[in-house]
Amino acid sequence: MQPTRGGRGITFQDGTDYEPSDNFSGDPDHPGNPRNPGRHGEGGNPGYGGDDEDLWDNLPSMGHQGAMHVLSMDSLPVFSGSEDNREASYQWMRRYEQLSRLSGWTEQEKIAWFPSYLSKTVRAWFNQLQPHYKQSWKDIKRKFAKEWITNPLPKADKYYRMTQDPKEPLKTFFYRFNSAAQSARVEYWKSASILEDHIGRFCMALEDESLGDRLSQMVFSSIDDLDRHLDSQ
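Using my numbering, the final residue of the sequence shown is 236, and nothing's skipped along the way.
Check the hints yourself; a few may be wrong.
In silico EDC-like pairs for lysine to aspartate or glutamate, Cα to Cα no more than 16 Å straight-line [what the hints assert, rightly or not]: (1) Lys149 with Glu190; (2) Lys158 with Glu190; (3) Lys170 with Glu210; (4) Lys174 with Asp228; (5) Lys170 with Asp211.
Hint data in this document are derived by calculation from the structure and do not stem from the laboratory.
Can you make the complete structure from the sequences, with help from the hints?
Here it is in structure tokens:
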């Protein structure tokens with residue numbers, strides 16, 4: 004929701020009028036004003052309060068022909084830290100960057116507004132960063148990614164940790180497992196001992212433990228030999 008200015012007051016597209024205080028200098032006021040109605044779960048403000056209120060002094064000022072570069076506060080939820088869902092953290096950062104582009108924010112505006120979209124817990128993490136990390140959006144994004152977004156597992160780790168998904172077809176998992184082995188440079192076709200280890204790991208990774216036990220007691224001369232045997236299952 005883009006506000007417009009007329010005299011000292013601000014009129015929003017929904018018709019809401021807002022008259023700034025006498026000391027209004029163009030900077031956003033404290034939480035709860037019409038430009039910052041807050042978000043669900045944050046008590047009517049974006050989480051500011053107490054010792055954090057001085058952060059408002061650093062928020063971007065009105066500019067660009069009198070229009071404030073900010074979309075509806077409801078367009079992006081407060082980020083509360085998704086330790087158990089790293090994909091959600093990644094998607095949240097993508098949405099924040101999209102919001103900044105659509106709002107026409109400069110890099111400094113993007114940095115200044117960032118804490119207002121964080122929960123108190125995550126803002127505490129942000130506040131403890133060294134000041135020089137907060138001068139560049141690239142640095143902030145890098146720190147955010149390191150803390151809240153899991154880097155892809157090394158290819159070898161993916162292979163050694165792989166297990167068959169529930170209801171995943173046996174042959175589908177077989178091909179996926181072999182592909183992961185090749186990505187991890189496990190060359191099971193070059194050595195009988197490597198092939199034996201590879202098939203052993205495959206057996207242990209199966210959802211059906213009884214099938215895994217039976218296969219582990221068998222001897223296969225090649226991966227194609229195992230492939231043909233699985234076709235008969």
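Going through the hints against the structure:
1. The hinted pair formed by Lys149 and Glu190 fails the criterion: a straight-line CA distance of about 32 Å is larger than 16 Å.
2. A distance of roughly 14 Å separates the Cα atoms of Lys158 and Glu190; the hinted pair therefore holds under the 16 Å criterion.
3. The suggested pairing of Lys170 with Glu210 holds, with an alpha-carbon distance near 8 Å, which does not exceed 16 Å.
4. A hinted pair counts as satisfied when its Cα atoms are at most 16 Å apart, and Lys174 with Asp228 qualifies at roughly 13 Å.
5. A distance of roughly 10 Å separates the Cα atoms of Lys170 and Asp211; the hinted pair therefore holds under the 16 Å criterion.
The structure shown violates just one earlier hint, number 1.
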